[in-house]
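**Q** Sequence:
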Amino acid sequence: MINKKLKYSDLGTIDYKEAWDLQKTIFELRSQQKIDDVLLLLEHPNTYTLGKTADGNNLVGNVEYLQKNRISVYDIDRGGDITYHGPGQIVGYPIIDLNNWGKDTHKYLRALEEIIIRTCGDYGLAAERVPKYTGVWIENRKIAAIGIKVTRWITMHGFAFNVNTDLSLYNGIIPCGITNKEVTSLNKELNTKLDLSEIKSKILNHTKKIFGYSNIETRDADNLFRQADMRVSLINNV
828 MINKKLKYSD LGTIDYKEAW DLQKTIFELR SQQKIDDVLL LLEHPNTYTL
878 GKTADGNNLV GNVEYLQKNR ISVYDIDRGG DITYHGPGQI VGYPIIDLNN
928 WGKDTHKYLR ALEEIIIRTC GDYGLAAERV PKYTGVWIEN RKIAAIGIKV
978 TRWITMHGFA FNVNTDLSLY NGIIPCGITN KEVTSLNKEL NTKLDLSEIK
1028 SKILNHTKKI FGYSNIETRD ADNLFRQADM RVSLINNV
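Taking this note's numbering, the leading residue of the sequence shown gets 828, the next gets one more, and so forth.
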């Protein structure tokens, strides 16, 4: 049996651009086999991101709206349309080598969905897939968006899971370009505020099972890259 290792880091709240740069650093190290697979869990300040196939018309908030709500906007290199990131939403960035798991992007997307489906199930919610769309849904309400980039079978970007999210900030966009469905959160579905640390622990556990990791090593941000005598600061050296 292959001893599959995953390095995990909870980055807390981090600027979108800074986290994107960190992903690129990890991607290069993973491509060179200088680091194991990595999972980052974090929150972003209010941010809209537009994927490679996004329709700019789906950003409906004007400059005044963006400034009032302190929302940053980025055009990025993942698949998909426009989505929102913000406080109370758990964002997951797995940077993993699919050569060691399965060179199939559709299978990988379904695996990310399964992580969220199982986590919702831990709270008694029947989350599911909708065949036409990527993501996770509770009835007609989207609780998690997924957008990825895969290069040389190594992944970037990932999922955005609404937990205690301020859903009113979705009013500035047409989420994922879908006009006939709502968004939701664990908080809204359960009518209670949830402990993000507890949910991150459940996400990590489901990731371990679904991807078959035998060992998870938790690192703080500054020590994430401490491997093979590398001394790379996650925060200061990108």
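Watch out, some of these pointers could steer you wrong.
[Said to hold, decoys possible] Cross-link-like lysine-lysine pairs, in silico, BS3-like; alpha carbons within 27 Å at most:
| hint | residue 1 | residue 2 |
| --- | --- | --- |
| 1 | Lys895 | Lys934 |
| 2 | Lys934 | Lys1036 |
| 3 | Lys1027 | Lys851 |
| 4 | Lys861 | Lys959 |
Simulated from the structure, these hints should not be mistaken for lab results.
**Q** The structure should be examined with respect to each hint, and the outcome stated for every one.
**A** Consistency of the hints with the structure:
Between the alpha carbons of lysine 895 and lysine 934 the distance comes to roughly 40 Å, so the proposed pair goes past 27 Å and is violated. As the CA atoms of lysine 934 and lysine 1036 are separated by approximately 15 Å, the hinted pair is consistent with the 27 Å bound. The straight-line distance between the Cα atoms of lysine 1027 and lysine 851 is roughly 22 Å, inside the 27 Å bound, and the hint therefore holds. For a cut-off of 27 Å, the pair hint linking lysine 861 to lysine 959 is broken: about 38 Å separates their Cα positions.
Taken one by one, the earlier hints fail for this structure at numbers 1, 4, listed in ascending order.
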